[in-house]
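Visitor: Respectively, the protein sequence lines represent chains H and W.
Each residue of the first sequence is one higher than the one before, counting from 1 in the numbering used here.
Each residue of the second sequence is one higher than the one before, counting from 1 in the numbering used here.
In short, the hints are calculated from the structure, not lab data.
Because the structure is a prediction, the values reported are computed rather than measured.
Glycine included, C-beta positions come from ideal geometry on N, C-alpha and C.
Check before you lean on any hint, since a few could be wrong.
[As the list claims (entries may be wrong)] Below are the DSS-like pairs computed for lysine-lysine, each with C-alpha atoms no more than 25 Å apart in a straight line:
{"id": "1", "chain 1": "H", "residue 1": "K102", "chain 2": "W", "residue 2": "K79"}
{"id": "2", "chain 1": "W", "residue 1": "K69", "chain 2": "H", "residue 2": "K102"}
{"id": "3", "chain 1": "W", "residue 1": "K57", "chain 2": "W", "residue 2": "K69"}
{"id": "4", "chain 1": "H", "residue 1": "K57", "chain 2": "W", "residue 2": "K57"}
[To be verified] Partial pick of chain H residues on the chain W-facing surface, computed with a CB cut under 8 Å:
{"id": "5", "residue": "G28"}
{"id": "6", "residue": "S31"}
{"id": "7", "residue": "F45"}
{"id": "8", "residue": "N103"}
{"id": "9", "residue": "I104"}
{"id": "10", "residue": "Y106"}
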Amino acid sequence: DSGVTQTPKHLITATGQRVTLRCSPRSGDLSVYWYQQSLDQGLQFLIQYYNGEERAKGNILERFSAQQFPDLHSELNLSSLELGDSALYFCASSQYPYREVKNIQYFGAGTRLSVL
Amino acid sequence: EDQVTQSPEALRLQEGESSSLNCSYTVSGLRGLFWYRQDPGKGPEFLFTLYSAGEEKEKERLKATLTKKESFLHITAPKPEDSATYLCAVQARGETSGSRLTFGEGTQLTVNP
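From just these sequences and the hints, can you work out the full model?
Guide: Below, the structure written as structure tokens:
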């Protein structure tokens, strides 16, 4: 168990809908990351938050947004869902935003999103 | 743009048959190279991180090494429970990169008894 908790484990929804994925980081970790894993693209970085502030952004679609709350949990919101958004969404957490020291990302078990 | 290429895509070994997985990378200043293990339907599990060329790390039957252009994950006398997908990722220097990881596609390892 990595200590990173993601809910729900599975989500089935229809095209055009909006969903929210939730992540609780490991105790003491201030950074939260979101990744998307699809069959044809592997693990892709979406966005990073550190202590409530956006720290880095990957190729995240405009239909997707995220935030980190004062209690450090994070939510990833996906709207106007398309079939191609079906994927595994992983959250990871680490202690630091970036530094020249050990900054290991620990991953949750993921949320499997199926858009029908 | 940072890139990671892993080979082979898939590898089948007999129990006890040692082998190596390759990870080639290009990055604008390497902060760290990471190896993860991923079982089907689960999140990646951290194995190693390497920071500079020449560095080596070991854990049970696994040993990771790093050069300026690639990393190897050596598996000695593997067991069936080592079957998984092994992912390599790089983290680049620079404030705008944050701590993002750029992953390769992975090597799917199957160890037969």
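Visitor: Against the structure shown, which of the earlier numbered hints fail to hold, in ascending order?
Guide: 1, 4 and 5
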